[in-house]
Amino acid sequence: MATYLLNRLWQSLATLFLASVVVFVGVRALPGDPALALAGEEADPATLAAVRADLGLDQPLVAQYGAFVKNLLQGDLGTSIATGVPVTDLIATTLPVTLWLSLYAVTIAIVVGIGAGVAAAVHRGRWPEWFANGFTLVGLSVPSFWLGILAILYLAVGLRWFPASGYVAVSEEPLRGLYYLTLPAVVLGTALAAVVMRQTRSSMLDTLSADYVRTARAKGLRNRHVLTRFALRNSLIVVVTIIGLQLGGLVSGAVVTERIFGLPGFGKLTLDSVFTRDYPVIQAVVIITTFAYIVINLAIDLLYSLINPRIRVGGSTR
Amino acid sequence: MLLLGACYPVQPRAASPDREDVTTVSAEGDQVREGGDLVMGLSADPDVLDPTTSSSLYTRYVMSSICEKLYDIDAEGSIVPQLATDLPEIEDQGRTVRIPLRDGVEFADGTPFDAEAVRRSLERHLTQEDSARAAEMGPIEDIEAVDDSTVELHYETPFSPITASLADRAGMIMSPKALDDLGDDFGNNPVCVGPFKFVERVPATSIVVEKDPRYYAADEVHLDTITYRIMTDANIRAANLQSGDVQVVDSVSPTTIDTLRREPGIGLLQTGSLGYQAITFNVGNTDGVGEPPGKVDSPMAGDPRLRQAFELSLDREALVNSVFSNWFEPACSPISPDTEFATEASNACPPYDPKKSRALLERAGVHTPVKLTMKVTNTPDTLRLAQAIQGSVSAGGFDVEIEPVEYTTLLDNQSNGDFQVLQLGWSGRIDPHGNMYAFLATGQSSNYSGYSNEEVDDLLTEAAEQVDMDQRARTYGEVVTQVQKDDPLIYLYRQRNLTAYSDDLTGVSTFADGVVRLSRAGFVEGDQD
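First to last, the protein sequences are chains A and B.
For the first sequence, the residue numbers in the working numbering are -18 to 299.
For the second sequence, the residue numbers in the working numbering are 64 to 592.
Treat the hints as calculated values from the structure; they're not laboratory data.
Misleading hints may appear alongside valid ones.
[Unchecked claim] Cβ-to-Cβ under 10 Å is the rule here; a few derived chain B residues that face chain A:
| id | residue |
| --- | --- |
| 1 | Asp108 |
| 2 | Asp113 |
| 3 | Asp247 |
| 4 | Ala267 |
| 5 | Asn303 |
| 6 | Val309 |
| 7 | Gly353 |
| 8 | Glu354 |
| 9 | Pro356 |
| 10 | Val359 |
| 11 | Val468 |
| 12 | Thr472 |
| 13 | Asp475 |
| 14 | Asn476 |
Heads up, the beta-carbon is just placed ideally off N, CA and C, and yes, glycines get one too.
Work the whole structure out from these sequences, hints included.
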């Protein structure tokens, strides 16, 4: 286990290093000058030169990268070119928004997706399955930006059940915060719920026809017990993997959702920083997203062993 | 690279029946309730809230609530005193500008507002290395605090646009104590004289200001707080206004405004703009903007007759009406016809005449259709405009290829001279100097076309130094006449500032500078916020 974790640590560090090089070179290869983007229509050459010097953009690329890595190792992600705010402050204010949104969306996706998946598998060939399949089709086909606009038009503007925009910190006012996050979370969680439902249904169908389930039933165990203890638990391994892989997708989904609902999250920060060529912010969000991917994947690998004791990380299955 | 070839049909529509300026929401006898929290949906994120370094137009929206200027403009577009008590006295043939100031005024942090504070702010605008204001203030020799309530600006050569500059960000006065305490970080916690004071900013999301009890006219301020919430998508802003989550939105899209106007409980403010949208030809920008012009190797750059032909092929009225649903206005010069600088010469417009265009091309001896590539931003409205231009000029003998580019990249291309033709605009300033000098004088900071004409250079310099308003207007008219012959830029249309509001609000204003002023806004008694 220790060797396995050590190996993963080295791999993670190498990945982070590569990501830092790619993003550093990548953003500078993009057409568009951050000083010009900042100046907009009022671009005075003398002011632009002063801004570039102030941001260190007039230094050689290697020197800029060296300064970036040195600061990064000291926990300093730099200062946003567009707003003049330290990037760590920006991350600290935006990341919790996206984490709450993602958590809420995943919760919705798990509850709806697994519930509908189990119902579809158990009631195969009847209306619950047709309904669940229809939901999957719609959930996967409808782009989130369109779903978001529809949700605002009908649920916020028409029925006025939810606010069309705005954010209240869940940590400060939990109920009001969740109320404000409900529409965005539903929009963000819909596609994931569809994926989870489809995967749960298919895994459940496999396990329900397995010998050990038939044996359990033959032994006279109650149907509910067979479904939860035998079928569902074994189906979850694949489902958890899928959820883990989709978590990364939530960050990109959050980009669109946060923009539509005006949420001050990490996704919106990412998009805004790309539009304004805010190099320090783009670099920071990519590094943090890479880090999050690595941690989530490691957590999922470790979670396998909890769900299915036959799997042991770093060793052979038995 | 995506090249569009499709045409957007140009279909002339009837002129809009309703283009009267509506600049202020008046209470019409209703009682204004004291207190309340107003939320405005702002179409772009302001940059740093520092009057010296700010270059975003949207910063002015927020600053209008927290940072008063020496001068402002009124509903008619005339310059009026704000922190000054009267218009400047001009002496020494325009070389001395004396500004009388209000007495008994305090900054939001309690520091007294006086001539020394004004001098300090103006010096900062003028000398700070990354100042975006220095060029707007002209050739100032020194700034003197004559007494507590008088400031004098001394010029090397006369600079008439200074009053208009002081009605914009250069006229915003910052607390000297805050400047001492915060230095370059002033924009993170701005302190000025204003009806509201800064509370907090969540980057790219919102800015909150609250009523300042120290304000010299605090009894005219009704709201407790204003929250500026950033909403870049026009449809989302409109939906939020309809749902009641915000009460004011700026920059309503002309494509959605008719629908929005039919909604009960929503009103519309509209004014003409000081800015313009134009087509820029690269006639000499070979080494980047600000550098001496070079030779661009293309027929369009070398022969003004081709550019004149292009202008004759543009059916501005039809373009604007079909693409912007009658809401914007055709424009042929950088001087808005609504301002006091408008003259017969500045209002003159070459008529749409594709036959004459073809004749000019024939005389110039070029093969038709003349092929050219036009870079535009990749927004839906601009792409529709570009396709309409493409369709319009084909009748005049041009074959335009459209190259959509992301806005930041287009700014880069514009600056580096990496374009043949491009379409972008300018938000506009009160004084024509701010709309013409930097764009048309040789080697200036926004002369993206690389245009150079000695006569135009001389006229623009003269106009800035002339003190008499009529004389200045005439000189700018002469510039317009010459520029329409050379056509480095072809002015296309002028946007209207369209602001929608919830009708339980009163006191909201939008003037020609486009800034939505909320400082005297309030909720009507009996309505909820």
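Tested hints:
1. Taking 10 Å as the C-beta contact cut-off toward chain A, the hint placing Asp108(B) at the interface holds, the least distance being around 7 Å.
2. At about 8 Å, the closest approach between the beta carbon of Asp113(B) and any beta carbon in chain A falls short of 10 Å, and the interface hint on this residue holds.
3. The criterion of a C-beta within 10 Å of any C-beta in chain A is met by Asp247(B), whose closest approach is roughly 8 Å, and the hint holds.
4. About 5 Å separates the beta-carbon of Ala267(B) from the nearest beta-carbon of chain A, less than 10 Å, and the hint is met.
5. Restraint check, Asn303(B) versus chain A: the minimum CB separation of about 5 Å is within 10 Å; hint holds.
6. With a least beta-carbon distance of about 8 Å to chain A, the hint placing Val309(B) at the interface is held under the 10 Å criterion.
7. For Gly353(B), the interface hint holds, the least distance from its beta-carbon to any beta-carbon of chain A being 4 Å, beneath 10 Å.
8. Proximity of Glu354(B) to chain A holds as hinted, the smallest CB-CB distance being about 9 Å (cut-off 10 Å).
9. Interface restraint check for Pro356(B): the shortest CB-CB distance to chain A comes to about 15 Å, outside 10 Å, so the restraint is violated.
10. Annotation: Val359(B) was flagged as interfacial toward chain A, and the flag is violated, the nearest CB pair being 20 Å apart, outside 10 Å.
11. A distance limit of 10 Å between C-beta atoms decides the matter here; for Val468(B) the minimum to chain A is near 8 Å, and the interface restraint holds.
12. The beta carbon of Thr472(B) comes within 4 Å of a beta carbon in chain A, closer than 10 Å, and the hint placing it at the interface holds.
13. A cut of 10 Å between beta carbons decides the hint on Asp475(B): the least distance to chain A is about 5 Å, and the hint holds.
14. Against a cut-off of 10 Å between C-beta atoms, the interface hint on Asn476(B) holds, since the closest Cβ of chain A lies about 8 Å away.
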